[in-house]
Every structure is written in C-alpha cells, then in structure tokens.
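Going line by line, the protein sequences match chains Z and E. Offset between the first sequence (1-based) and the working numbering: plus 87. Offset between the second sequence (1-based) and the working numbering: plus 87.
These are calculated hints, taken from the structure and not from any lab test. Here a beta-carbon is modelled for each residue, glycine too, at the ideal position from N, C-alpha and C. Hints are not guaranteed to be accurate.
[To be verified] Here are the computed lysine-lysine pairs in the BS3-like style, where the Cα-Cα straight-line distance is at most 25 Å: (1) Lys289(Z) x Lys368(Z); (2) Lys318(E) x Lys241(E); (3) Lys375(E) x Lys375(Z); (4) Lys318(E) x Lys289(E); (5) Lys199(Z) x Lys427(E); (6) Lys450(E) x Lys199(Z); (7) Lys242(Z) x Lys286(Z); (8) Lys105(Z) x Lys208(Z); (9) Lys415(E) x Lys199(Z); (10) Lys375(Z) x Lys289(Z); (11) Lys199(E) x Lys415(Z); (12) Lys242(E) x Lys368(E); (13) Lys450(E) x Lys351(E); (14) Lys351(E) x Lys375(E); (15) Lys442(E) x Lys199(Z); (16) Lys442(Z) x Lys199(E); (17) Lys145(Z) x Lys289(Z); (18) Lys450(E) x Lys415(E); (19) Lys375(E) x Lys344(E); (20) Lys450(Z) x Lys199(E); (21) Lys427(E) x Lys450(E); (22) Lys427(Z) x Lys199(E); (23) Lys427(Z) x Lys415(Z).
[To be verified] Okay, the calculated beta carbon distance ranges per label pair: (24) Lys145(Z) x Asn336(E): 23 to 33 Å; (25) Leu173(E) x Arg446(Z): 39 to 49 Å; (26) Tyr370(Z) x Ala187(E): 55 to 65 Å; (27) Arg146(Z) x Lys415(E): 26 to 36 Å; (28) Lys344(Z) x Asn336(E): 53 to 63 Å.
[Stated by the list, open to error] Covered stretches of chain Z, as calculated for chain E (at least 3 residues, CB under 8 Å): (29) 196 to 203; (30) 215 to 225.
Protein chains: 2
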Amino acid sequence: MRFVVPGFLASGISAGIKRNKVKDLALIYSETPAATAAVFTQNRVKAAPILVSIEKAKRHLCQAIVVNSGNANACTGEAGLQDAQLMSRLAAQKLKIDEALVLVASTGVIGKRLPIEIISKNIPQLVEGLTPDGILSAAEAILTTDTHPKVVWKKETIGTKEITICGVAKGAGMIMPNMATMLSFILTDAAIEAETLEKVFKEGIRCSFNSISIDGETSTNDMAMVLANGKAKNPTITGHSQDLGLFRNLLVDVLVKLSSMIVKDGEGATKFVEISVVNSKEYHDAAKVAFSVANSNLVKTAFFGEDCNWGRIISAIGASGVNVDPEKINISFEDIMVVKNGVGTGIEQEERASKVLQREEFKVVIDLNTGSSDARVFTADLSPEYVTINANYRT
Amino acid sequence: MRFVVPGFLASGISAGIKRNKVKDLALIYSETPAATAAVFTQNRVKAAPILVSIEKAKRHLCQAIVVNSGNANACTGEAGLQDAQLMSRLAAQKLKIDEALVLVASTGVIGKRLPIEIISKNIPQLVEGLTPDGILSAAEAILTTDTHPKVVWKKETIGTKEITICGVAKGAGMIMPNMATMLSFILTDAAIEAETLEKVFKEGIRCSFNSISIDGETSTNDMAMVLANGKAKNPTITGHSQDLGLFRNLLVDVLVKLSSMIVKDGEGATKFVEISVVNSKEYHDAAKVAFSVANSNLVKTAFFGEDCNWGRIISAIGASGVNVDPEKINISFEDIMVVKNGVGTGIEQEERASKVLQREEFKVVIDLNTGSSDARVFTADLSPEYVTINANYRT
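If we strip away everything but chain Z, and leave its shape as in the complex, we get (with noise of 0.2 Å):
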C-alpha cells in the first residue's frame, strides 16, 4: 500500500544515532506551507525540541517537521536548546525555505547530549530522499520500542473534491496524557482556516491521545500535530462551513485509529481495554474514574491474568477522588454484568466474565448512575514483560 498525500513528501533514513543501523531520522515536508495545529506534553519538564516547537507553532504554520528517534535531547541545558536551532536551521537552509517553517521533535533517551554533527552530516541525504511515498520510511524512522510502524491512511469526498489524509505516529511507552505522551503527525491536503483546524484538533485530541493510558507516565517530548496544505482545493473550511462535520468525523477518525495502535503495541501489552464510564455527573469526573481504573496496576495485572476481579476494578474507582456512591455502582465485561448496586452479582456471572477476559479486546462498562455524562479511556494489560523491557530498556 501506497501512502501518498497529495503535496507532501517525506522520507527516512539511517543516521547512526541509533545502533544497528535502523532509521532514526525523518523528515516530512510540504510543498507549500501548511496550516497548522499542534498539542504538546504538559510535563513541566520539556524537552529541548518542544521548547522550540511550541514557540514555532504559534504562527499555525508549518512546511516542515525534522525528527529524530534514538536520543530524547531532553534535560540537556541551553546547549541541548541550541542543537535542536540548529537542527531545524539546517534542514530549512537545504530546503530552501523560512527556519521558522520548520518545527523540530526528538524521542528516545533523556539526559544525553543530541549527536548533532550525526544528524548535521545526514540531513542533506535526508533531504535528497524526500519523495511522495515516503511517509511510511518518516513512520518507521520515528520509533524507538514500538513493534511496528503505525500509519493510518484515508481518503474521503467532501463536497465535490477528494480529501486525503494519513497520520503517523510513535507510542509503545510512557502513555499517558497530557498531552498525548508521543509523536503523531497527521498530513492532509485539505484546506481549512487554522483557527478551525486548531479547534476540532484538539476536540479529537481529547478523545484518542489523551484518553489512552498504558503506564500512567507522561514524557517530557511529546507532541501531535496536524498539517492542512490545501492542496485538495475543496472550498476553504470554516467554523461555519457544512463540511465542518465531515472533516471533524475524517480527523477523529484518524486520531482514535492511531492511538488504538499505539495502545495495542504498548510494551509487554497482550489485552486491548476499554474503560467505559457511563452516567458521571462530569465528563472530568468520569474521565478521572476511568484513569484510576486504566493505570491501576492491581487492575492491570489481574487483566494480564484473565481473572475477573472486579474488586481491584471497586477500590481503583473509590480510590480515583470522585465522590462515587459506591452503593450505585454497576460493572460489566461487555454486557456481563458483575456488579451491581456495588455488590458482586454471583460467581455464575463472574464464570460468565472470564470468558470475556479471554478474548485479545474487550471493554469494561462502569455505570455511576449519579448523572448524564461519560467518558472512554483505553489501556492495556501489565504484564512480566513490561517490566523486563523497561528493566533493560538503557542497556
């Protein structure tokens, strides 16, 4: 499969930050300047990259994003600052375009010292390798423990013009928001105002990048942003345009698809959950019930285990904050329900439940029953390999 996005180019290469030779340099690029809107970690302690990047992505303007895997350049004091500049400046200068275009992230590990004559020396290369079909290769050169690249590809009509867009984006640890806890870029030949893209951005943000959980951590380099070039020449979306919806559904799309990839090739992960908190008083307090629950290790363990203990499940809502009525509480596996009125249903039913807790993907519905509103977070299991991936993950 080809993912190709009209006017954007990419590419990915082999730098040498990394061992082993895998890609860990990547570059995507488009043709004209793009809208832009762009989220970014809420971890007080920012990566040099993002400090650059948040600073650049307030004109809502972008023609280019350089990245590398394999060094965080985080913790790295006023000289990690001005590696990740220059970063951005040489690319800008062999693009031939305004540095202030180009925005800049890093994953991988924090404290060291960005290998900038490394990345300095193969950015012409980098450049030189730009091409229509080289988004996957930018996918694959952005990872650091995910198993897999993960890229979401779509075209849509919207009115009378084709709409395509392809998201990329790196998980596998440290999920959490906020913000996403990753990288995710999102490409779209679209054209839409970037007041408009900015708002139904983080709209869709709320409910993928920050509604998935694997180990409650939040990074110091994570960001997720989207570029709308307009090379669609669809009419130019507004906040008032009837195409709104569409492109919203278009992007959500995206946005859900890619942080579920992200989940399921979360480190040492066997089980895809979804936490289902239904009938909150508050969208924040049903969102607080269902992280409790998501980043409960107790919980996570027992999903590893396929046990259906429901009783970690009780005690990591009574323990998320929220003034729960435990004695209103129902919980189900699918439509199995377990609890009710805060009291176990039976061991019969319980039989029932594991047999849900088998499958790869299932989902855990918590009824408060104290009002209207819900929220929806996914996670993934705990499992020995994890910790053994994260024991080792420097060495």
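Given chain Z, put chain E in place with the hints provided.
Showing chain E alone in chain Z's frame:
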C-alpha cells in the same frame, strides 16, 4: 523473643477461612478499656468492617479487635454489614464485654460474602486461646501475601515508669495512602489522654504509613489503630506533659519501623528505596513530587534493573502536577549527584551512581531548590514477580 505488653492478651488461629490451614483469625484484647486512636482508608468504597469500626472508633475507647484475613468483606452490601456486626457481637459476648468496645477488621479478596458461620464457630476457641504472648500469633493471622509477620516491640523509661509498646502490621500489596492501605495495631501500656493520643498518632501516621507506596493502590479495607491501656501507671500524658515528646518519639519509631517492614516485604520487591524531596515551597508539593516518583512504573522498573535512569525520575517530577522549576532540580543517588540544575552531570557520575543502585537499600535525593520544605516516601522496585503474584492472586 516474647512480645508481651502488660494488660494485653492476644491469639491467632486457623479457622478455615483461608485454605491450607494457615492462621486467619486474630483477637487482640485489653484487660481494661483502652484509650484509642484510629485512622481508616480514604477509599470511597469502604469495606463493611471499616464502616462498623469507624463508628465505634468515635468513642476513642476500645477493648478488643477481632480480625480475619482471607476475605475482605468488601462490596458485600447489607449482608456484609450484618456479618461484620455479628463478628463483633459474638466476640463481645464470649469476652463478656460491651459490644461497642469491640472493633473489627478484615483483609483479603473483595466481593465474597464473609464465611460468618466458620468465624462464629471459631470465636470460642479464639477467646480461650488468649495469652499474654499471643501477639505473634495474631500478627501471623492477619497476613495475606506477606512473606512474614511484622512485629516491632520496644520498652523505654518515660519519667519513672517503664513503658512497653508493640505494633503489628500486614501489608504486601495495595500499599499507598490515604490512609494506611494495610492493617496495623499498636498496643501500649502507657497512660495517655485519648485526645493527645489521637494527635500524636495522626502526626506519626503522616511520616510512616502515609509515606509509603508499593504500587500506588489504596485499598478498601485499611486501618491503623493504637490502644493505650494505662497499665504502666505513669502520670497520664496530656498535651502539656513533658513526657509527650518521649512518647511521641517512641510511637513514631514503631510506626516508621512497621511501615518500612511493609515496603521491604512488598509484593515482588527486591529494593527498598527512600525518595527524599528537599527544599520545596511546601510540604504538600514535596510529598506530591515524592509520590509521583515513587509510583512511576518506569522509575520502579529502572530500580529493578539497577539502571541509573535519572531521565525517568526527572520526567516523573515534571509530571507530578507541581509547579517545579526544571532548571533548578538536582538529583542524587545517596551523595552522588547525577543531575545538577536540570542537566546530567556526566557518565562518570552515572557509573558511580550505578553502584549505589546495586545495593538492596538506597536513597534518592531530589532537591527542588525552591523553598525549605521536605518530604520522604519509602517505596520498592517493580519486578516481574509483582506481576506474576497479582496475575494469579485469586487462582
């Protein structure tokens, strides 16, 4: 070693709640009603015995505690509440004391009805088995996945009198405030006003049971209480007594020792780590940072892997929600500084720090350099063994 506290009797037997004839029913009894202070889980979902004991503890007077392991009597509804009340009543009848003076506690699996007929049948034997040196038996009978009983016993002269104090605890998993997320009972023959006892107990809890975390989980069943029966015949300690400081030190020492024992015996734990956050604006912020680091799966797996991965520590500090200044943060393993002003101090220091990580016990010092408040949290590493234990806990 004989653990005896004047005026207290205890017993622990195998009633058959757990399999394999291990002890699962405990009784602690004071010959006279004792001044009492107690703290309970902050989980919104509270087990039946917690609900019963919270009410009874309001009198600040207690003469007996009956405790079972193997079943939490949580999420058992109205029937569970009646079971907890009956457990208290049966013990009171056999002991021939006021039912209001008998507190109850349970620990084990959530959501199963308490086997009250088994408990009921065994209460006579439990009461008849009371002996002055039964504390160790009681300590054994309250365990779940703990690998050994936890008892701290001390004798000290306060004023002209010898004061004895002895604490027992169970822990192992679900260890994180608030509150204690375990069971602990402290017995002393000191004479002390209930009000003063409560004040020093709560102070002591903050720096002991509320300053430990194994897995960030807060259980439905946890409580800690202290009973002071006055048998030492010292002048009753009040808020103005000269002896208050000595007694407080004695109590805090027992609480800190017990809470450290719980962390060391944490499920799958191979390391005992003190996270010491210093020079914060406020205690509350310091504690939040310490817990964010202590509960980070990535930090804990790095401890298990003996990897000096300070990047994960600074990332957890930044993700704590506290408004830290990344460029002022110093991080040391014992006295070896690996981060100064937010930047790594180099590979040589990391190599020296790696030797510290090979120890079974070590300290991580996080200097925020923004104030003068400190907080300290004790935690353990995260090993594949933790996952294995908890994936198979109920089966």
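Taking the hints in turn, this is what the structure says about them:
1. Lys289(Z) x Lys368(Z): holds (23 Å)
2. Lys318(E) x Lys241(E): Since the Cα atoms of Lys318(E) and Lys241(E) sit roughly 16 Å apart, the hinted pair holds (cutoff 25 Å).
3. Lys375(E) x Lys375(Z): Answer holds: Lys375(E) to Lys375(Z) is near 18 Å, not above 25 Å.
4. Lys318(E) x Lys289(E): Holds: Lys318(E) and Lys289(E) sit about 23 Å apart, inside 25 Å.
5. Lys199(Z) x Lys427(E): holds (14 Å)
6. Lys450(E) x Lys199(Z): Holds. Lys450(E) to Lys199(Z) sits at ~23 Å (cutoff 25 Å).
7. Lys242(Z) x Lys286(Z): holds (22 Å)
8. Lys105(Z) x Lys208(Z): With a Cα-Cα distance of about 15 Å, the restraint between Lys105(Z) and Lys208(Z) holds, given a limit of 25 Å.
9. Lys415(E) x Lys199(Z): holds (18 Å)
10. Lys375(Z) x Lys289(Z): holds (19 Å)
11. Lys199(E) x Lys415(Z): The hint holds at about 18 Å.
12. Lys242(E) x Lys368(E): violated (38 Å)
13. Lys450(E) x Lys351(E): holds (14 Å)
14. Lys351(E) x Lys375(E): holds (22 Å)
15. Lys442(E) x Lys199(Z): Answer holds: Lys442(E) to Lys199(Z) is near 20 Å, not above 25 Å.
16. Lys442(Z) x Lys199(E): This hinted pair holds, its Cα atoms lying about 20 Å apart.
17. Lys145(Z) x Lys289(Z): holds (15 Å)
18. Lys450(E) x Lys415(E): Distance of about 20 Å is within 25 Å: holds.
19. Lys375(E) x Lys344(E): holds (22 Å)
20. Lys450(Z) x Lys199(E): At roughly 23 Å apart (the allowed maximum being 25 Å), Lys199(E) and Lys450(Z) satisfy the hint.
21. Lys427(E) x Lys450(E): holds (17 Å)
22. Lys427(Z) x Lys199(E): The hint holds at about 14 Å.
23. Lys427(Z) x Lys415(Z): holds (8 Å)
24. Lys145(Z) x Asn336(E): 23 to 33 Å: violated (56 Å)
25. Leu173(E) x Arg446(Z): 39 to 49 Å: holds (41 Å)
26. Tyr370(Z) x Ala187(E): 55 to 65 Å: About 44 Å separates the Cβ atoms of Tyr370(Z) and Ala187(E), which means 55 to 65 Å is violated.
27. Arg146(Z) x Lys415(E): 26 to 36 Å: About 31 Å separates the Cβ atoms of Arg146(Z) and Lys415(E), which means 26 to 36 Å holds.
28. Lys344(Z) x Asn336(E): 53 to 63 Å: Given range 53 to 63 Å: holds, Cβ gap about 60 Å.
29. 196 to 203: holds (count 4)
30. 215 to 225: This one is violated; 0 residues, fewer than the three required, reach chain E with a Cβ under 8 Å.
Of the numbered hints given earlier, the model fails hints 12, 24, 26 and 30; all others are met.
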